[in-house]
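Colleague: Reassemble the complex: the two chains are provided individually, in unrelated frames, and hints are given to aid placement.
Quick note, the sequences are listed as chains A and B, same order.
Here the first sequence is numbered in the working numbering, starting from 1 and rising by one per residue.
Here the second sequence is numbered in the working numbering, starting from 1 and rising by one per residue.
Since the hints were derived computationally from the structure, they do not count as laboratory data.
Any given hint could turn out to be false.
As the list claims (entries may be wrong) - Pair by pair, the computed Cβ-Cβ distance ranges are:
1) B:E236 - A:L297: 36 to 44 angstroms
2) A:R301 - B:K138: 13 to 21 angstroms
3) A:Y272 - B:D73: 30 to 38 angstroms
4) A:S183 - B:E268: 53 to 61 angstroms
5) B:N345 - A:R24: 41 to 49 angstroms
6) B:D73 - A:R24: 55 to 63 angstroms
7) B:N345 - A:F63: 26 to 34 angstroms
As the list claims (entries may be wrong) - Just a few of them, taken from the derived set where beta-carbon distance is under 8 angstroms, the chain A residues facing chain B:
8) D234
9) N236
10) Y287
Note that the coordinates shown come from a computational prediction; the quantities given were computed from them, not determined experimentally.
Glycine included, every Cβ here is placed at the ideal spot set by N, Cα and C.
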Amino acid sequence: MQNNFKNIKFLKQITTHDYESFLRLPPMIPFSEEITDYLNALSKEINKDPRIQKFPDVRTFSFFCRKANILLLKKKYYDSSITKLGRGLVFHIAPSNVPVNFAFSLMMSLLSGNSNIVRVPSKKFDQTEIIVNSINKLAQVSQYSNISNRIILVSYDRNSDATKEFSRDCDVRIIWGGDETISQIRENSLQPRAFDITFADRYSLCVINGDEFVNEPKPEKVVEGFFNDTFLFDQNACTSPHLVLWIGSSKKVEKAKNIFWDKLYVLVNNRYKIQPVSAIDKLTNFYNQAIQTDRILLENRKDNLILRVKLNDLRDDIDCFRSHSGYFSEYHASSPLELSKIINRKYQTLAYYGFSKKEMENYFHQLKPVGIDRIVPIGRTMDFSLIWDSYNIIDSLSRSVEIL
Amino acid sequence: MELNNYFDIQPYSLDKINKSKYLESYFFELTQFHYENCTKYRNMLDAVGYNYKRQHHYSEIPFLPVRLFKMFDLYSVPKGDIVKTMTSSGTSGQNVSKIFLDKETALNQSKALTKIVSTYLGSKRTPMIIIDSPAVIKNRKMFSARGAGILGFSIFGTKRIYALDENMELKVDDILAFIEQNENNRIFIFGFTFMVYQHFIKEIKKRNIKIDLSDSVLIHGGGWKKLVNESITSEEFRKMLNQLCGITSVHDYYGMVEQTGSIFMECEYGNMHAPILSDIFIRRPYDFSIADLGERGIIQTLSILPTSYPGHSLLTEDEGILLGEDDCECGRLGKYFKILGRVKNAELRGCSDTYAEQF
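Bound conformation, chain B alone (with noise of 0.2 angstroms):
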């Protein structure tokens, strides 16, 4: 399988029909190369009876549900090819989900990222702040979600500075010395949005700090799950950026650490758009059948990427909208939509455990 091509393609340039049948190829020997090489692959294909010696289109292929990583060890290459296991942040308590990647799949998602956000931020790199602590990445234990999305985006920044101190407290003199010293250039700024909202936004808002950031590209992502107690939509917080400190390209992206590289971007209009690399469905919670454009449902991910692991067809736990394809106003093309947040927890009857959450 030879991923070289995909990544000489512009990220969303092709439409329907092309995207279609370039990766349909691809996607089947993919499926292929894990059924053959993990054998909790094999059993769960087999138990549902998918033949993977038939070419299907990609909307056939089985879908894992993400909670699978956190509770099985799962790849498809000799354990020592691993060269690097990233793990989710696990949310309160829960199992962590462990990704093992080896070269080539380490690789490829880095080059995966670096093609899909150039096209935002432009080919050349740029002096980049980062808006969260060092400690998350000093920290190999911590080497989560949040570490691995920094030290991922990294790559686009010629030097770097953390905008928050140990105790989360923003540096603002180092801010805007940094801002001073780099005045002629465009800025990238990365964080994850809870941390930007919190500690970036409020904070900025609350001390009444000038900043001057017209100039540069905030690329955030993480989700918007712990802000919603908050309330605060899309375009609350691009407004408030823009208002606070003059920033006009605000771009949230959708991606996990099942599926590093391959993420989904926010365009100008505030869509989510699937690029070459990768692709979505929303799936009908009563069968799993494809929803119709505009009808909610569970996401379903595809990435060309995942080689050392079966996690190149995902069922996620977050529920979405698809908007159209091939003809958002922005012009690129492929599918976009709107991510609507988690799926609601279950609330079953009956006599089960839920004494220590919920009494």
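Chain A on its own, in the form it takes in the complex (with noise of 0.2 angstroms):
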């Protein structure tokens, strides 16, 4: 076993006796006591760091992880009338660029009951060291010590064998990371009741009710929740809109896209930097779609910040074509029943604005597509929940036993 562990980095100390004995604790009854603590006290210890001013991301990390949140979220996900408990082992492999997505993770499988081994980003982020600094300070407290010994976070390169071990030893192995990653990943194989939750690329899209808002009295709010489903994260998170589609009357949707694009553009300009190769890589990203796609049409640009793509009709392969840091494409709808014409298995998140739940719900019903696992307002497209790529993620991460 030693041998195994060779370029493999703990980012906590441990030995092979160690292991095996990770390997043979028993899981957890999901949302425990014990586990809302440690992550009340994990909330506590992030909080110390000075550090946490300046990343907005590990602060929302330590919000989540409170006891008062915690029970709401039990509240909500969690059905004690079934008997549950943790599947075991989780091992999950966290994207390099996202720094606390590994946080997220782990936290949600805690809650699930389960032992885990985190593949944090070799990268180095502050973030990422603050939540792991603090993950070994819990360890040293004897009180946390049973949920600090159902973690071990781990880094390694791709030429480890590391992947294959552990994907041998754990009971549900998380994927998160794009198609190539995913496909890569899944050449090691797990035991054969073992499965993978997988996150994969995905393609997120917005509709908005031009006539409603024409009407809107704070535009600003709106177009500000767009900047932060897009620009945030440099538009290139898998939450994040790509195509816009605009409903209702001519004469209104022109008026609407003025004012919003118009908005944001004051906003980009103040709040983003856009990087030369970004620049770069839209205008190719733009000419690729003009060979492929006839009659579309670059719109109204000042500068290299928003690239606005007319497109003169909808057609299936519109997620092909998306770029990162400001690019959007947009078509001018006659309703949105029109997504039966896009929407497949990579579509995720629907940002909306201008119409009510119930209407998107109705819209959904009868669109019944194969895609799209979420359908949020404009500004919610990051809300983190435990509904997560159309997965419970609990429920997943748990087995409900029957007791007759």
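Modeller: In structure tokens:
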């Protein structure tokens, strides 16, 4: 066993013996008091680090782990009438470019009652360090040892066979990353009853009712929400909209577009700095779209911050023509039902404005799409939830046991 | 479009106003030609709303990011007219650029190169040392930018010797013999910057070899990217060549497979120069407007040579600074500039797939 651990960096010291007893640890009951207390303590520990002021993502995570929030989640997502236990060992493979993603993944799995091996990005982020330090500090506190013992943080490069080892030992493997990552990792087989939860490349979009938007008393707020949905993560999060579908009368939609993009431009111009290579990427992506799609038009380009691509029709390959850092295809549709032409399994988040929740539910029921896992108001695409990419995480990571 | 007139003029003999006048109508016609003969090019120009019928100044001609030549087969002549397809060396497994040449374009590339380089070498051909292995051109599949560069520059050599063997070992004895045979001649040395440094400079230094190449001209190109880790500057590079083997005339060139022929050469003062066959603009990343003198930006290159493919106006992935126009101390007219290297890779937030490269 010892030899197999070469090339692996354990972020918390561990011996082979530790690892073997780790594998024998029993699962826990989801949302148990012990877990809740641990997460609450973790939240407090993180808050002690003065650096968190700089990192809203760490603050969000810490806020999420508070006892009050966990109890709220328990109420919402945990059905105590069914006997539940964690599945056992969860192996997490987090993406390298989202610093706190590993922590959310770990938190959800702990809440479901599991032991964890978490592959943390080896790329250095302060955010990752803050959270890892806090986890290691709690490991010194005997009160939390039962939970601390269930967390192994590792990092290793891709030449290591650690993925193979951990895949063989785990009950669930959670893979965050792109399609390519997932197929690479899937080359490592799992135990017969184990399974993968994969968070693959997704495509997201938004629909705006122009008739409503022109009457919006605070258009700045809507636009700020859209800014957070997109530019906050370089329009590169799986939840970031790439396509804007406008609904409404031509006249109002035109007016709405002007207000919307003008206000967005002001925000972007103040808060966002475009990297030179992103400017090249966006132009390259635009020409790629122009070559492969007839009659598109670059609209109203002031500079390279926001590129708007006017579509003449809605083609089912629109999800292939995306970029990042401010690149939007736009289409004026007669109704959200036109989405039936384009939605495939890749589609994840549909953000909306100017419709009620009820209306969106109706559209969804009429469309019965193979894709779209989340429908949220503009500004809330990044809201984290225990239902993600259509998985009910707690249910997926725990066993429901029947006792008659 | 008649290019011959352009070859009759000395490459660095036109000032700003005359060069502009001289190129404007040609670039207008060239853009029109590609628009009418390459559907993909037409789609791109239509999509940005460019009116090809109106004569714009050539600074306004849309520029194509060079990456597009890796993504698409772009050409403006019947497929049957294509006599040669050149590819870029393509770093680290990425796609390679494919450049389609008809007879005329290939011929013009070679004419242009001769015209430009002979102002540095003199019009008489000389014995030539190629700092590379002959394997590079033997393998037709590897007929890449490196091979094309060597073949392109080989026209300046009366007799040629490859300085490296198949294992990239320096053939010291052969080189010394070659120098002795040609002792009354100026020698032309050619190689890729990295090769010259790695397999020539470093070897000579390591093995303490005495070579006298004081009456020779060294031309090198291909960029400094591979030398970043060695953190060696252009000045140090020249100095080493001078100290180790007495070479005083060292010229870097900036060129790309997408615009072979109309290269930019470094003058005695270390500045890159645009000949009359090509031009550059430095673009601001923020809005692609033209940067001021001395301001950092992305390099756009224009060349009058590409007729078989729409590569006459390109946006490179290099950054540079325009140093001036018509007033370099070396006396050459036209723009002169400095190259700062590749644009930095994007560091994006988000959940895209970066596992393979970065984890």
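Colleague: Indicate, hint by hint, whether the structure satisfies it.
Modeller: Here is how each hint holds up against the structure:
1. B:E236 - A:L297: 36 to 44 angstroms: violated, 50 angstroms
2. A:R301 - B:K138: 13 to 21 angstroms: violated, 48 angstroms
3. A:Y272 - B:D73: 30 to 38 angstroms: holds, 36 angstroms
4. A:S183 - B:E268: 53 to 61 angstroms: holds, 55 angstroms
5. B:N345 - A:R24: 41 to 49 angstroms: holds, 44 angstroms
6. B:D73 - A:R24: 55 to 63 angstroms: Holds: the Cβ-Cβ distance is about 60 angstroms, inside 55 to 63 angstroms.
7. B:N345 - A:F63: 26 to 34 angstroms: holds, 33 angstroms
8. D234: holds, 4 angstroms
9. N236: Given a least distance of 3 angstroms, the restraint on N236 (chain A) holds.
10. Y287: Hint on Y287 (chain A): holds, closest Cβ of chain B at ~5 angstroms, below 8 angstroms.
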